[in-house]
Amino acid sequence: MKFVLLSTFTLFITQVIAKPAPGCLQNYTIVATDTCSSVAARFNLAEIDFYTMNPGLHHNPTHDCDNLDDGRPFCVCMKPPCVSDM
Numbered sequence: 001m002k003f004v005l006l007s008t009f010t011l012f013i014t015q016v017i018a019k020p021a022p023g024c025l026q027n028y029t030i031v032a033t034d035t036c037s038s039v040a041a042r043f044n045l046a047e048i049d050f051y052t053m054n055p056g057l058h059h060n061p062t063h064d065c066d067n068l069d070d071g072r073p074f075c076v077c078m079k080p081p082c083v084s085d086m
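Under this note's numbering, the first residue of the sequence shown carries the number 1, and numbering increases by one thereafter.
Hints are all accurate, no fakes.
Straight-line C-alpha distance at most 16 angstroms; calculated EDC-like pairs for lysine to aspartate or glutamate:
1. Lys79 with Asp49
2. Lys19 with Asp70
3. Lys19 with Asp66
4. Lys19 with Asp69
5. Lys19 with Asp49
Distance windows between CB atoms, simulated:
6. Ser84 with Asn60: 25 to 33 angstroms
7. Thr62 with Ser84: 33 to 41 angstroms
8. His58 with Thr29: 13 to 21 angstroms
9. Ser84 with Pro61: 30 to 38 angstroms
10. Cys82 with Thr62: 29 to 37 angstroms
11. Thr33 with His63: 14 to 22 angstroms
12. Cys82 with Thr35: 18 to 26 angstroms
13. Pro81 with Thr52: 14 to 22 angstroms
14. Pro81 with Pro61: 32 to 40 angstroms
15. Val83 with Thr62: 25 to 33 angstroms
16. His63 with Thr29: 19 to 27 angstroms
Just so you know, these hints were derived from the structure itself, not from any lab. Quick caveat: nothing in here was measured; it's all calculated off a predicted structure. C-beta: ideal position from N, C-alpha, C; glycine also.
Make a model of the complete structure from these sequences and hints.
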């Protein structure tokens, strides 16, 4: 029973925490004023591409981008050329 509970909890945590996708070439560390759309614009990305680069980042009508946490890295480039952080 403990294994099932631990497995379920681990699965839940890994699905909730947004993180850069494997193969990410460039990360950007989020600051308090950032939003998903502002980060996407800053790095010349379509907002949907930013979500794709960061699995687990909420993208639905009720919880859109509400887990973009300050101080955490998020992927902003999956293939060169990457836009430099301005």
